[in-house]
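Participant: Here are the chains, one letter per residue:
There are 2 protein chains.
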Amino acid sequence: MTDLRTSSIPGPIDPPPRLLMGPGPISAYPSVLRAMSAPLVGQYDPFMTEAMAQTQELYRAVWDTTNQATMLVDGTSRAGIEAALVSLIRPGEKVLVPVFGRFGHLLAEIAERAMAQVHTIETEWGQVFTPSAIEQAIIATRPKLLALVQGDTSTTMNQPLDEIGAICERHGVLFYTDATASVGGNDFAADAWGLDAATAGLQKCLGGPSGSSPITLSEKAVEVIRSRGRVEVGIREDGDPDASDFIRSNYFDLAMIMDYWGPRRLNHHTEATSMLYGARECARLLLLEGRQAVIDRHARAGAAMLDGVRALGLQVFGDVAHKMNNVVAVRIPDGVPGDPIRARLLTDFGIEIGTSFGPLHGLVWRIGTMGYNARLDAVLTTLSALGAVLSQAGFPARVDAALEAASAAFGPTSKEA
Amino acid sequence: MTDLRTSSIPGPIDPPPRLLMGPGPISAYPSVLRAMSAPLVGQYDPFMTEAMAQTQELYRAVWDTTNQATMLVDGTSRAGIEAALVSLIRPGEKVLVPVFGRFGHLLAEIAERAMAQVHTIETEWGQVFTPSAIEQAIIATRPKLLALVQGDTSTTMNQPLDEIGAICERHGVLFYTDATASVGGNDFAADAWGLDAATAGLQKCLGGPSGSSPITLSEKAVEVIRSRGRVEVGIREDGDPDASDFIRSNYFDLAMIMDYWGPRRLNHHTEATSMLYGARECARLLLLEGRQAVIDRHARAGAAMLDGVRALGLQVFGDVAHKMNNVVAVRIPDGVPGDPIRARLLTDFGIEIGTSFGPLHGLVWRIGTMGYNARLDAVLTTLSALGAVLSQAGFPARVDAALEAASAAFGPTSKEA
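Those protein sequence lines, which keep their order, are chains Z and C. The numbering of the first sequence is UniProt numbering, which starts it at 1 and goes up by one. The numbering of the second sequence is UniProt numbering, which starts it at 1 and goes up by one.
Just chain Z, with the same shape it has in the complex:
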């Protein structure tokens, strides 16, 4: 019998203080952490049912939609992506994925796992697609679904989506976006932009922990998914659907997840209650502050960090006009060792900034200003520490100028205003 000696059992979890200024996950709002520790209730308790309904209504406002099918998928943001793709795409159907960073590759990968015929178009890292480039690819490939990342943290780019829905409508294509890194910190309008499906995670601009994926589905998407409905044998009743082209996943079967969240409350998984509490609080905070106010705060914090790192003497990567508000890719100066600088920020200051993937690996740091940390003090603290560490490494960082530029870009804080 394997058993740990009592002396080898670690103590209660006791994380070190961290200011998370990477591309996510970021430090959660304190009240989200408090919500996570609320006592549990049963999954059909009237309180639970009401909390689920409230959460749906709150996320309708976050997504800017009237979609009835607005829910949470119990898993991280990529669980929401997979649920959307595996439920919307039948094996063999064509999917178009415009790739402008790592997370476009991820959508293609997940669609391939769902046995779709995947077509990709690519643009250089640091750029986004024009609507006409996407329309041409749609005409060339005639996909069933367009899967398009909105904000790709690997490049910091924010793909404009506002003209894409009309293109998809014109060509009879379903339109899905992965808004994990962008929603809450950048413009988003599910209905106005003609989206059929969108998914997210909590650990970016929404300011919560990873582990719950908000999703919203248009009526057209719901119709596609319902046509593939199949209620599992253990709880199936007469008249329940049993489609032969069923969705190739039980856990991600959005038809069953809709029945669980809908009036029928048909048992599927056991809702992750603590994650629900956290997701509810993320949306509640966002709406209390005001959706547009939160986006504006991300824009100001992002501008402050951008102007700040430039004033430090650093260069940024990519087409800054299309940068997400909430993350910037900073070129690592020649002769400065990227990873040791990040390590010193973490160990000496408790500040985390991000490394990077693929073609940018070793070339840039990614610095985030999102959710709770889209604040001027978080920006100034980070710039000051980064400047100090860079100076020690021999790079002539101009900290005073950086702090001044950041403060000017952020504008008056609410207390001053």
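Hints were generated in silico from the structure; no laboratory data involved. Just so you know, nobody snuck in bad clues.
Some residues of chain Z that are not near chain C, with every Cβ distance over 12 Å (derived):
no., residue
1, 163
2, 239
3, 392
4, 393
5, 404
Computed from the model, here is a short list of chain Z residues facing chain C with C-beta under 7 Å:
no., residue
6, 28
7, 36
8, 41
9, 109
10, 113
11, 249
A few chain Z residues that don't get close to chain C, going by computed Cβ distances all over 10 Å:
no., residue
12, 92
13, 141
14, 219
15, 299
16, 362
Bear in mind that the values here come from a model prediction, so they are computed numbers and not experimental data. Note that beta-carbon positions come from the ideal geometry of N, C-alpha and C, so glycine has one too.
Once you've looked at the hints, dock chain C against the given chain Z.
Facilitator: For chain C alone, kept in the frame of chain Z given last:
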């Protein structure tokens, strides 16, 4: 623009007091709730890496295994089931599922979604299978994998597993069990029983919230999964595997999940940090008390509830010799309305007991004693309230006898001992 008026935004989450005595989810241990609200750290923070490694080591002791591949799947217990099945079974391969309740049907359903050829054998609800019945079915169907529920809360039965591993070994069959409802409160020995894969959830005997699924895999299972490995394009390097019979899910690809938890720390999902903290605390508490001591406590609490409901004057369902320690199915007496009684327990006493599924729907209540609530005071409180409500409904419940019988069955509490 859809926006909620501030006045329509609900307040912070504030659940009513509940004693959750159903078949799960149950009230979490207070220290697990506290762990859920610990501050976040980055996913590659040395503290996070260490917390993940500690969690793996703690769950090796929970599962009673030396399996290196012992991890969490980020989702509810059925996410763990789907990860195991979709990673172990190639489309077209045969799977044998002995069904003795709803969750056997679920395993069959999930295997069908994974495009397996599924064979089921069934036994009456309230019974379990003999090893020879399972061996005969293996000989008749020659499956690649046997998928067997250990504890099925729908019937309260606990399928003996100790002789099954040897049978699977003899016939070259992989052996998977769904231990969601049983592990922590009933005997379990992954290595001694020859298991190749086992999965669970936190919301039963482990005393945490739903949303994280502990999993353990034998070396043989790892070999099967590795042979199907495929590292996603966005992060693939030269020499990384790219199997053509890849796992038909990205999120549930255990090869990638092993690389994320393993020394390579290859990015897959962003670990659900708060759920990790909670899962770690569930295992930590279990091992501090002692694995066998926790199982014994479940046995005593289960015996107390069993003897208690019988002394109240109620009958129980199924083969009690094979009942799980942590749940009992109580026949609803003739003339007593099942759902109104449950509703009164909830509204007047804040106590939740469970309804039931399928053939037992409307015939039994399911009463759990698990995790934090495998305590004598929780048993006595429940019996007392149930007796009171039954008496008011005209059933002659013998509360004094029930409390006496329960206390006698539980034996001395640790303070008295």
